[in-house]
Amino acid sequence: MMRRIIFSLMGLILTFTDAALASREDEAIQNVIRQLSAVTLINGQFEQQKQLQGLDYPLTSSGHFIFWKEKGLYLASEKPFFNASTITPTDIIQWQEDGTGRISEEQSGLIQREISRTLLAFFSADIKLIEERFATQWQFEEQRWQLVLTPRHDMVRKHMHSAELRGGQYIESLQIIGGNGDITQLTFTDITSSAAPTPEQCRWFYLSQVEQHCAAP
Amino acid sequence: MLLGQRLRHSFFLILFIIVSVLGGVLLVQQLTRGLVLETDLQALFPRDSDSHLINRASDRLAEEFGDQLLLAVSADEREQALRAADKLQQAIVDSGFIQVQQDEHFQSVAEQQSLLQAHRFMLLTDRQRAWLEENNQQELLRRAQAALFGFSAGAVLSPAQDPLALFGDYVQRLQPYMPGEIVNDRLVLTVDNKVLVIISASLLGDAFNLSIHQQLNPWLDSLRSQFAADERTAGVTLLTSGAVFHAAQASANAEREVAIISLGSTLGILLLFLVSFRRLKPLLFSFVSVFYGSAVALAINHWMFGQLHLMTLVFGASLIGVAVDYALHYLCKQQHLSLLPQGLQRESVLHHLLPALTLGLLTSLLGYSCLLQAELPGLRQIAGFSLAGLAASWLFVVSIFPLVFRRALPQPLPVVQQVADGPWRGLPTLGKKPLWFIGTMAAILVVVLLSQLRFGSDLRLLYQPTPELLHSERVLQQSLQGFAPNQYFLIRAASPEALLQAEEQFRREQLDPLLAEQAIRGYAAVSQVVPSRAQQQVNYQLQEAIYGEQGLASDFMQRAGFGIDIPEALQQAYRTAQEQWLDVSTWLEVARPDQRLLWLGEVDGAYASLIALRGIGDVQPLAAAAQQLDGVIWVDRVADMSRILKQLQQSAMVLLGLAYLAVIGLMWLSFRRIQATLLVLVPLTSTAVVMALLTAAGVAINVFHVFGCYLILGLGMDYGIFSYQAGANDASCRRAILLSALTSGLSFGLLALSSTPMVSAFGLTLLLGSTGNLLFAPLMSYLRRTP
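Chains as they are written, first to last, in our numbering: chain A, 59 to 275; chain B, 17 to 803.
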């Protein structure tokens with residue numbers, strides 16, 4: 059008899075702590091989402107490390123980035139080659155060194171669009187879109203957080219095995235394991251945030267009518 | 017004399033028994049096998065006789081698209097749309113006759129990728145080929161750098177295998193064209209501020225299966241009310257696209273119309289009979305005569321064609337108005353003889369009536385048999401149905417009526433005779449001069465109107481979808497921008513290799529410029545995935561500059577930091593791949609269904625393929641492009657069908673002229689008098705007046721109006737013959753003509769209300785024509801008086 063009471067009491071206590079933990083985690087998740095989605099524009103430096111199948115050493119490149127909420131992500135690597143592109147929700151714009159750009163027709167398929175959209179969702183913490191597409195797993199350690207994502211859709215899984223995001227106030231790193239086994243790791247540093255882009259930042263998000271879109275305030 | 021009549025009646029009886037037994041056996045046989053009711057309106061069309069190839073292609077397309085359907089929900093809010101989509105999906109699972117399309121498209125993309133990967137050194141996109149031909153190393157390296165150092169999640173091959181990302185770019189084009197995004201395996205689109213969630217599904221059964229149609233509309237209704245009942249999905253619209261929805265609508269319309277027309281004419285005829293004969297027996301047997309005719313027609317037609325078109329039944333329902341004529345004439349004569357002092361001798365009614373009845377039947381049969389020449393299979397069936405039905409009804413009247421109607425019939429209500437005499441009395445009271453004046457003026461007016469006659473052969477005559485169905489079809493097709501199922505290029509050549517080369521030439525010289533001019537938004541061709549051998553050879557040789565000894569790849573990879581062994585392995589793979597041709601047959605095994613149907617294979621000793629088009633603007637440059645290269649045919653089914661309708665109309669008009677000549681001949685043979693040949697003036701004048709009235713109302717005359725004229729001919733000759741034979745003094749004849757015109761008018765008048773433009777054109781022509789016939793028939797009795 060006594061045993062049963064103890065067991066049920068223990069059960070109750072466990073349930074309470076579970077619920078308390080769950081709500082604390084919920085709160086933490088909401089905090090991260092609030093922080094990330096408050097951002098309109100961030101820019102800074104990035105370093106990319108690619109670990110390719112059949113290659114023992116990583117390929118490293120670095121440069122700077124601009125993330126503008128709802129507009130896209132501009133990544134410009136300076137080392138070892140110049141290579142710049144803007145990932146928008148619908149297209150990928152490839153930039154030449156002279157500043158001219160064109161939409162990459164090779165990268166306009168459904169799968170590529172799906173990946174671009176997902177990537178932008180990471181930066182703006184569009185949790186609804188993320189949860190539609192991925193099984194999520196959060197971990198917290200004081201002010202720092204980590205989110206592991208596994209695609210729900212087979213088609214996406216063929217191209218993206220899993221993704222892992224880490225950060226504090228801003229997103230600080232992103233790791234993507236591709237369907238072919240290649241691992242791409244992006245690390246963001248020197249991040250500053252602003253409410254609106256400067257005209258110089260803005261121009262990388264438009265191919266036409268740049269003056270109209272990017273007039274100085 | 018009496019003996020002769022008895023013998024003749026016995027002959028009719030024996031014939032009746034033979035027809036009944038044969039018809040009965042056929043009917044039972046067909047019923048046990050199950051009646052097949054065809055509702056596909058396409059079956060009304062002749063198969064394109066010029067080109068077996070075009071038929072083959074359109075059959076393939078019909079097979080592919082026939083059981084495919086799209087269901088979508090449209091809402092203002094994304095949440096709302098997704099929730100409604102859950103309900104839709106559940107309803108599909110519960111329906112039992114629709115299933116959600118499996119994701120085999122993406123399965124196929126993966127299978128194709130591994131096949132093409134094995135042959136990747138044979139493949140290049142047009143842009144890549146241009147870069148290599150121009151030796152544009154800068155572009156090639158830029159693309160390589162982007163692939164290697166750029167953010168490129170989503171690549172198929174690792175840069176170690178495909179350093180210049182050539183293959184990655186090649187397979188990108190294989191993804192099915194799809195705007196929007198995928199959420200929980202569903203396609204989500206935003207169109208005009210509405211969120212659309214599209215589920216593609218397929219039918220478990222044939223799109224023209226009646227039992228599916230009967231389930232479909234209640235299913236859609238219950239789904240809509242489910243949306244409305246839940247406040248979280250209220251205001252969501254359900255959109256549909258697919259052949260089955262049109263077929264279901266057409267068969268629901270036809271069923272409703274058959275019901276309305278049968279009910280309307282039945283009620284009208286019931287009233288007429290009660291007023292005219294004041295007994296139930298005449299009504300009963302008149303109905304039985306029509307029913308008998310219909311049953312025999314059904315048995316024979318179903319046996320001959322193996323199925324019955326629903327349209328045959330719609331027009332068949334109108335047969336009731338014509339076949340009842342024979343019974344009417346018999347009964348009116350019977351009433352008339354009931355007044356005579358000798359009383360009714362057994363065969364006397366038939367004796368008086370048989371020549372006119374038979375001649376009436378023969379003229380109708382002659383008129384209808386010209387319809388048999390029509391190239392529309394559906395209309396041939398209708399003509400066959402009418403011929404058999406009329407003949408059987410006639411046989412019923414001449415063999416059974418003398419047996420069942422022996423006693424005197426009561427006289428009609430006086431009002432019937434007064435109305436019946438109207439047209440006869442009206443004309444003589446006018447006097448000759450005013451009559452000529454009115455006649456001349458009317459004739460001038462008719463001629464003036466006829467000179468304005470317009471012809472039209474719009475395809476919408478055959479079928480007019482409801483605005484809702486048309487709207488949802490448009491929204492879905494526009495947002496998906498799928499390939500046009502009715503407009504495409506067919507290409508023919510002696511061998512598969514020649515065919516692929518022809519495709520490549522046509523694409524290069526014609527289609528790519530058209531694409532650049534935005535005359536089309538896109539196209540799909542087999543040679544886009546599987547190049548010709550000649551092209552593969554060129555592609556392979558061009559890639560020597562990349563994967564050869566001192567190739568671009570080695571240089572680039574070494575600079576990028578790869579070890580020497582990796583480019584060497586790549587060079588080795590390139591050398592081994594030599595002459596590893598990619599064949600169409602191998603590719604077809606892994607191709608998606610929509611890709612497979614691009615390759616028609618061997619047809620009539622040659623090879624054929626089709627190029628599907630997306631977002632067609634103006635068709636003129638496309639038709640012109642096909643002229644530029646031998647073996648290319650521009651197929652436009654919509655334009656072809658309009659053209660066929662036009663041709664049909666022309667041939668139907670010629671056949672109608674022929675029918676008139678045949679009838680004139682028949683009249684001459686029957687009466688041996690010039691005056692008798694003037695009987696054709698009854699239907700001819702009616703036809704002219706009908707055409708004039710339709711023109712005055714701004715209606716363009718189409719093939720179905722012309723078909724209606726055949727019936728005007730049959731009916732008008734009936735009235736003319738009876739009027740001519742009985743003269744102006746036979747009250748029973750006038751009554752019979754009035755009753756006949758009223759019953760025909762009732763049935764055809766109701767056809768004019770049909771929502772299918774062709775049925776309504778047919779009905780309207782006959783409503784006006786019957787009235788004309790009724791008014792002009794009395795004039796024929798004057799012919800008799802002039803010697």
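There's no promise every hint is true.
DSBU-like, lysine-lysine: derived pairs with alpha carbons at most 35 Å apart [as the list claims (entries may be wrong)]:
| id | chain 1 | residue 1 | chain 2 | residue 2 |
| --- | --- | --- | --- | --- |
| 1 | A | K129 | B | K449 |
| 2 | A | K129 | B | K210 |
| 3 | A | K186 | B | K103 |
| 4 | A | K129 | A | K186 |
| 5 | B | K297 | A | K216 |
| 6 | A | K216 | B | K449 |
| 7 | B | K103 | A | K127 |
| 8 | A | K137 | A | K216 |
| 9 | B | K449 | A | K186 |
| 10 | A | K216 | A | K127 |
Note that these hints are calculated values from the structure, not bench results.
With the threshold set at 35 Å, check whether the alpha-carbon distance from K186 of chain A to K103 of chain B stays at or below it. Within the cut-off at roughly 20 Å; holds.
Below or equal to 35 Å on CA atoms is what counts here, so check K216 of chain A against K127 of chain A. This hinted pair holds, its Cα atoms lying about 28 Å apart.
Hey, K103 of chain B versus K127 of chain A, does the alpha-carbon distance stay inside 35 Å? holds (33 Å)
Is K129 of chain A close enough to K186 of chain A, meaning Cα to Cα at most 35 Å? holds (18 Å)
Given the hinted pair K137 of chain A and K216 of chain A, is their Cα-Cα distance within 35 Å? holds (30 Å)
Take the C-alpha atoms of K129 of chain A and K449 of chain B, compute the straight-line distance between them, and say whether it is at most 35 Å. violated (89 Å)
Taking 35 Å as the top limit, are the C-alpha atoms of K449 of chain B and K186 of chain A close enough? violated (90 Å)
Between the alpha carbons of K129 of chain A and K210 of chain B, is the straight-line distance 35 Å or under? holds (21 Å)
Agreement of K297 of chain B and K216 of chain A with the hint, judged by alpha carbon distance not exceeding 35 Å: violated (79 Å)
Under the criterion that the straight-line Cα-Cα distance not exceed 35 Å, is the pair K216 of chain A, K449 of chain B satisfied? Given that 35 Å is the threshold and the Cα spacing comes to 94 Å, the pair is violated.
Figure legend: structure checked against the earlier numbered hints; hints not met, in rising order: 1, 5, 6 and 9.
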